[in-house]
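Full structure from sequences and hints, please.
Protein chains: 2
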Amino acid sequence: MQKIGFIGIGNLGLPIAENLLKAGHQLKVYNRTREKALPLEKLGAEIVDSPVAAIEKGGIVFTLVSDDAALRDIVTPAFLAALGTGGVHASMSTISPVTAGELAALHKKEGSIYIASPVFARPEAAAAKMGNAAISGDAAGKERIRQLLLDGFAKNIFDMGTKPENANVMKLIGNFMIAGAMELMAESFVLAEKNGLDAKAAYELLTTTLFTGPIFRNYGAMILNREFEGERSFKASLGLKDIDLVLETARNSYTPMPIANLVHQRLLTVLSKGRRDADWVALATGALNDAGLK
Amino acid sequence: MQKIGFIGIGNLGLPIAENLLKAGHQLKVYNRTREKALPLEKLGAEIVDSPVAAIEKGGIVFTLVSDDAALRDIVTPAFLAALGTGGVHASMSTISPVTAGELAALHKKEGSIYIASPVFARPEAAAAKMGNAAISGDAAGKERIRQLLLDGFAKNIFDMGTKPENANVMKLIGNFMIAGAMELMAESFVLAEKNGLDAKAAYELLTTTLFTGPIFRNYGAMILNREFEGERSFKASLGLKDIDLVLETARNSYTPMPIANLVHQRLLTVLSKGRRDADWVALATGALNDAGLK
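Residue numbers (our numbering), protein chains in the order written: chain A, 338 to 631; chain B, 338 to 631.
Any given hint could be a false lead.
As the list makes no split between identical chains, a pair holds if one copy fits it or if it spans any two.
Below are the PhoX-like pairs computed for lysine-lysine, each with C-alpha atoms no more than 25 Å apart in a straight line [unchecked claim]:
#, residue 1, residue 2
1, K500, K631
2, K492, K537
3, K466, K365
4, K610, K373
5, K537, K500
6, K340, K379
7, K578, K531
8, K373, K445
9, K531, K466
Rather than coming from a laboratory, the hints here were simulated on the basis of the structure.
Right, here's the structure in full:
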């Protein structure tokens, strides 16, 4: 049992916090919209009124928020003082590697440790502890949070080294690969449909032979069935933010990435049509609509 | 045991013909360059001097040649007359759906059956009978060649329906997906390397979690290790031909496919640099070189 601060109860944060509570850990939970955290009370969580109130000196705090700005708002001088010497901040958000590097340096200056531990999982996979974690940063800090990541959402933990921002680069690569795979399938299924080949038959061949991973299986089925919105979906607006970060990271490192540019345009098109509840798999509508299909 | 004609002994044709002979079938074999077929003699094949000489009336003939023109050269009026009523031509080449449709009509007119049965396998997988087959065309014709495909190279057979060209559209989609996956990995690994993340660590995470298929595993390793040439490779020039056919099929059906355009350009660049022995995975050098990496 550990005492943990947990900041950020969104689609992903909720199942992870639930899992940690069920594993017997004590959680102090903060969320900007307090109501969203309330379901955790009956599992024994203490809901607090500020990020700082969630932290124990020298303890462990998890953050899982929507973007760089939200995380920077949380990591104030008061936050760093509360975390104190030897405290560990496990940052699970998908943020810019630049922000991760800067925050890691701020923590180090105050004697605490910043570990990047982004989540590879949709909410339902996190709930089932079938997610994956990439971690990077100080070795001792990584060791302290390892079991908590397993208790919270992860089936596997991949160590990306000691450079704090590495796990964030990895997370961006993962999301870029997913977006690119969705575009690939969209173009393929459109070519099938427009040539009188049953796209379902193409899907079955591809996903049982050459492209067996869950991305092709799950997102492929969503594209086939035109399921572009979902209750617990990963929103197109969040997907756009992630591809923004891919392109920013590519730009900063002088890395031309034409498929990243393409999926960025696709996501802009989804949002330009006002589809605010769309899952990011709706980027497939680009290839469909361009070819005159619904 | 069946008597079969087999036309086209290339990188793929050789292991498939070997497997058919080892399974006990009698083969009459024709290859434009006769020497390439000679190793099959000691397995009991009869090497003949023309495509027509390989055929029995009402029998089964396989063709596996490099492109549409080579196949059209083979399917002469004499060829169709030799095949006769009830004969089955199993066409394994990766060719244009347009050509497939035209050849199917020609066969039908003469009372024979044209089945598209393109091969999803690199030569080593075909040799191990771990390949996959997509088949389309007349139901009775498909039934007659099913066991031969299993004996020759296929672990699974996927039925794409009765429209003769469907399996060719499927094959083009498969190769498009592979080319796109290689480009995706190339862009990802470059982003990793240019940001101080070990591309091998990224590869391990991706291929053991989200992208578990053989394409990511095998071609990903080749990209990581810069293995762009290989003894039994699938040549960049053949990959270019396949992507030519994807774009032709896309053009004919008014299907915009931006990733197909991109990988087409990548393959042109490989060949523009005179890399005649390159495997088509060398398309990954586009993303590498664009970002200043070797």
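A quick look at each hint next to the structure:
For the identical chains of this complex, K500 and K631 are inter-copy neighbours only, at 24 Å across copies versus 45 Å inside a copy, given an alpha-carbon limit of 25 Å. When the C-alpha separation of K492 and K537 is checked against a cutoff of 25 Å, the pair qualifies only between copies, where the shortest distance is 20 Å, while the shortest distance within a copy is 31 Å. With identical chains, the CA atoms of K466 and K365 are at most 25 Å apart within one copy only, with a shortest distance of 21 Å there and 58 Å across copies. In this assembly of identical chains, K610 and K373 lie within 25 Å of each other by CA distance neither inside one copy nor across copies; the values are 29 Å within and 58 Å between.
In this assembly of identical chains, K537 and K500 lie within 25 Å of each other by CA distance solely across copies; the values are 16 Å between and 44 Å within a copy. Taking the shortest alpha-carbon separations for K340 and K379, only the intra-copy value of 17 Å comes in at or below 25 Å, while the best inter-copy value is 74 Å. Taking the shortest Cα distances, K578 and K531 sit within 25 Å of each other only across copies (21 Å), while inside one copy they are farther apart (32 Å). For a Cα distance limit of 25 Å, the shortest separation of K373 from K445 qualifies neither inside one copy, at 32 Å, nor across copies, at 67 Å.
For the identical chains of this complex, K531 and K466 are neighbours neither inside a copy (40 Å) nor across copies (32 Å), given an alpha-carbon limit of 25 Å.
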